[in-house]
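A.B. asks: Residue strings, one per chain:
There are 2 protein chains.
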Amino acid sequence: MDSDFGIPRELSDLQKLRSQYQPQLPPCLQGTTVRVEFGDATTAADPSGAHTISRSFPHTYGQPLAHFMRETAKAPDAQIITEHPAIRVGIVFCGRQSPGGHNVVWGLLDALKVHNPKSTLLGFLGGSEGLIAQKTLEVTDDVLATYKNQGGYDLLGRTKDQIRTTEQVNAALDACLNLNLDGLVIIGGVTSNTDAAQLAETFAERKCPTKVVGVPVTLNGDLKNQFVETNVGFDTICKVNSQLISNVCTDALSAEKYYYFIRLMGRKASHVALECTLQSHPNMVILAEEVAASKLTLFDITKQICDAVQARAGQDKYHGVILLPEGLIESIPEVYALLQEIHGLLRQGVSVDKISSQLSPWASALFEFLPTFIRKQLLLHPESDDSAQLSQIETEKLLAHLVEAEMNKRLKEGTYKGKKFNGICHFFGYQARGSLPSKFDCDYAYVLGHIGYHILAAGLNGYIATVTNLKNPVNKWRCGAAPITSMMTVKHYGRGHGAATLGKPALHPAAVDLKGKSYVLLRQNATRFLMDDVYRNPGPLQFEGPGADSKAVTLCVEDQDYMGRIKQLQEHLDKVRSIVKPGCSQDVLKAALSAMTSVTAILSVMSSPTSGSTPY
Amino acid sequence: MDSDFGIPRELSDLQKLRSQYQPQLPPCLQGTTVRVEFGDATTAADPSGAHTISRSFPHTYGQPLAHFMRETAKAPDAQIITEHPAIRVGIVFCGRQSPGGHNVVWGLLDALKVHNPKSTLLGFLGGSEGLIAQKTLEVTDDVLATYKNQGGYDLLGRTKDQIRTTEQVNAALDACLNLNLDGLVIIGGVTSNTDAAQLAETFAERKCPTKVVGVPVTLNGDLKNQFVETNVGFDTICKVNSQLISNVCTDALSAEKYYYFIRLMGRKASHVALECTLQSHPNMVILAEEVAASKLTLFDITKQICDAVQARAGQDKYHGVILLPEGLIESIPEVYALLQEIHGLLRQGVSVDKISSQLSPWASALFEFLPTFIRKQLLLHPESDDSAQLSQIETEKLLAHLVEAEMNKRLKEGTYKGKKFNGICHFFGYQARGSLPSKFDCDYAYVLGHIGYHILAAGLNGYIATVTNLKNPVNKWRCGAAPITSMMTVKHYGRGHGAATLGKPALHPAAVDLKGKSYVLLRQNATRFLMDDVYRNPGPLQFEGPGADSKAVTLCVEDQDYMGRIKQLQEHLDKVRSIVKPGCSQDVLKAALSAMTSVTAILSVMSSPTSGSTPY
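Read top to bottom, the protein sequences are chains A and B. Going by the working numbering, the first residue of the first sequence is number 222, and it counts up by one from there. Going by the working numbering, the first residue of the second sequence is number 222, and it counts up by one from there.
In case anyone wonders, no lab produced these hints; they're calculated from the structure. Where hints are given, some of them may not hold.
As the list claims (entries may be wrong) - Quick partial rundown of chain B residues pointing at chain A, CB under 10 Å, derived from the structure: (1) Gly322; (2) Gly347; (3) Asp375; (4) Asp472; (5) Ala476; (6) Tyr481; (7) Phe648; (8) Ser656; (9) Arg757; (10) Pro759; (11) Gly760; (12) Leu762.
Said to hold, decoys possible - Here are a few chain A residues that sit away from chain B, every Cβ distance over 10 Å (derived from the structure): (13) Arg276; (14) Glu304; (15) Asp362; (16) Gln579; (17) Phe590; (18) Glu634; (19) Ala732; (20) Val741.
Glycine residues also receive a C-beta, built at the ideal position from the N, C-alpha and C atoms.
Just chain A, same shape as in the assembly (with noise of 0.2 Å):
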């Protein structure tokens, strides 16, 4: 089955230009003499999480960050890293297929050979099943040639997204090994780089000596933290999505007859809803976030769009279009509660067709009031992260269904009083994953390919490239490494009589953020997007001229650059050491001490496990 991955392939005469297409690096990254800067060492940023994260991951926890710097920057503890041996270092694609995950093979190459034309790239096919089968090809420029800034993962092909089991580990750890890795680079999401910390964890233990290393690439956008600003492939599909939404909503507009009710993929969180709606102003968005946290029925969300529904038609609109995400189905309270019921009875080994007779009365009562369709796709398996099937469930379906019956019985009873209710229904999914990456996807990747070398020339381990800044020109991007324990929480389960249970510490996607400035953004706008037809119309997805180089929306509101402010603390806390040397006045001593003294106060305070802080 791996006969065709990387063959050479006819190009249409876009992508032939798009292949032609060079990234920049970053001025940090130019060149062959990059310094590395370690910072302090890292804690976790769940405080209370720590404690299980340090004891589960002994040799990788508590590593510091890194910051790559140019030769000539200023930071007396920087070192350069000299001495360039020739590597091997494998590669391999997790999780689903995200555009660009092509270049950073791409960087990750040019870094090797820039450094050490001898070092060698082994591609591994088919994902990790052919990490596990030991399956390479060796990554050549010419290999690459009709790959550089095209979309898919048809270079080296994915299969299934997981190395956890202690088999797996095991197989994985022979392969590198057998091999000769120096270093493994795994490209995915929250699940696959978890993974990574794993294998990174145990290739210690074991003292095999490769290292592993992450590279946060995943269409949901849900891999996002203090050290992640955002990831490889998020923009592409935010972006080939908006085009398709805002071609709905100008469908919309032109008929004036149906609500278009649209399904976007993004898994459990609503990170890709939530930047289309903003990228394309469609009437309404409902995130799974916000029905989680206002603990929203299936009823109440009808409702909701009904009463949306009945407002517009008070303005003779009838016509609409409405975003959903794919995880908001598992968001509705007594949704999720049947869904946890079902999951539970599958993996009793209870076959599908007798669960409606074992479900406890509460829960069947929901699903018999379900339609046909939809039961039918909760009784489907759950995912390997224990989540449904999201993707094959048709929510777009249920909720139209449910607002159309709820519209005619308002209309009976002659509370509305407009014309009949007609929806439409649409899932925007595997169309996007596909798709050229943009610009900023091409740029982003092939530089966090570069930080993957950088990394393993600075003999780090556990690590995840990270690049912050993001939202201004590349000249201005920050590059750096943290490790992945750092970024991991610990959930707590409350399970079957109370008695809560701890889970393994892992990396878990990042829900969006209702008290962040993108979701106060949507908010404010909300009531002109649902009643005003606002539509925006970004346009198909453009390489050159006006909108090739935007950004996510959410990407620039959310000014987040972490990593460069923890870079700006340190220079400030170095200041204070150089001015307040010993022999220094007793004034300057003692206004330094009071203001420390202050300082320190107000951050205890603020970092105490009981402040109730959610972690980022």
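Here the structure of chain A is known, so what remains is to put chain B in place on it, guided by the hints.
C.D. replies: Chain B in isolation, oriented as in the chain A frame:
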């Protein structure tokens, strides 16, 4: 409900750039002195229907073709229209919104104003309903500013798609008289242009001075005949869909585990599916015309797909992309017969839940065999043109379901030994209709708008605007007009007990020509497409650079230019006449006579109604 139409709106950067694009005009339409040359009187392409058509359209049948030429063109009989009094013209959107529609309005406005700044263009708000209700908006350059080169029909909107009943025709006539219209331009496809012809005839009969002009705008691409090479909107729709199809192909190749079934819009005919296949090279397409011609049953189609899946499994390939036109379902003989029974019962007023019990035994057997979701969809009321609600019938799900069942059966029986079959379904419908129009559609629509004016200036009624030689650059395009009646055909329906009834003369959707060059090209490549994954990715719609000026493959392959050849023939005949004038030598006369005798003999045989040649 019309208060929002035509209001200025905020454009994205790309939309702004596009709004400044100025389409070219072919040389014959530049300046203000356009010559009109009238060709011979037209006949209908299908000689057997000519008599019926001439009887139904006594005032508008048999009118000559018109060619528009430069002032300096050598054409002795051509007239220059020198008088351009101020006129009042109405314009109305009918039928499915198609990208480029706005540019017809723009082209018409520009032509009106350049010939007489006092002329007026009235847009009917809300489509044919707006025409009937006499709701208008005066279209000016200011009103158009944010609609030039933009998708959708939201400048004027559209509603119901017909002007056909006596009441509707009378209301339209009243509107044209009341508003003092010199011309009425109808933008639409097959149905709307048939309505336009009927209006033209009625207006002529009742001595209403308003001349009616049709413009071929339909994303289905099925208003196609000797005079009309393609329709506005078709190019964009095929490009947007091909982008998405090729994304899905890349996706399939990356994960190697899914078969994607994609249903495409296009009504009864499969032009969109054929064009998209030639642009993006998916593994398989099943055209409605093939199925109808070979009388393939549901079972045959399922077997055909299963055999393909099995052949690919033999090469260790477990992924693929299969395109299905929405018209496929109606072309399957037994499903068509079932639909006829259902529609018959619906017309008799039988309620939906009683229908299954009143079907004939064999129809009932088929109905019961089908999955529930399809049964529901087949029971929907037919559309105004008597076809099923094709966009609502999920043929892709039906086939994926049948293929999965058959593959599982083969697996059980041991006749198939590969991996389990996994199907994923998509409908690419409404997400393309509202797209920004391609450069081709912008140009084509704008030129057609100009021609609309010249048809009115020449005093013609019941004509459709035509541009031929479209595969060449704009400066080679030939502009003309043909009576709509010359494109009509008469269908013979075999109803009930063998008695054939004659249908009304009408434009009918052109089917994909199974002897045509495009289809031959598809067949030549079918095996390679099926087995070798030679997916082609044209990428997202671009407005600059590679691909921006590309045209539909079918348009380029088919090499039509009927209008150009008609003109050439006329030139030959003129030349013969000018050489063989009284006084020429006996030898010349003899040679001419001998050659012409043989020509006329051949043509008489070829164009006799019994020769069995199908109309174009």
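A.B. asks: All the hints need checking, so say for each whether the structure fits it.
C.D. replies: Evaluation of the provided hints:
no.	hint	in the structure
1	Gly322	9 Å, holds
2	Gly347	8 Å, holds
3	Asp375	4 Å, holds
4	Asp472	4 Å, holds
5	Ala476	6 Å, holds
6	Tyr481	7 Å, holds
7	Phe648	7 Å, holds
8	Ser656	5 Å, holds
9	Arg757	6 Å, holds
10	Pro759	5 Å, holds
11	Gly760	4 Å, holds
12	Leu762	4 Å, holds
13	Arg276	36 Å, holds
14	Glu304	37 Å, holds
15	Asp362	21 Å, holds
16	Gln579	24 Å, holds
17	Phe590	17 Å, holds
18	Glu634	23 Å, holds
19	Ala732	26 Å, holds
20	Val741	21 Å, holds
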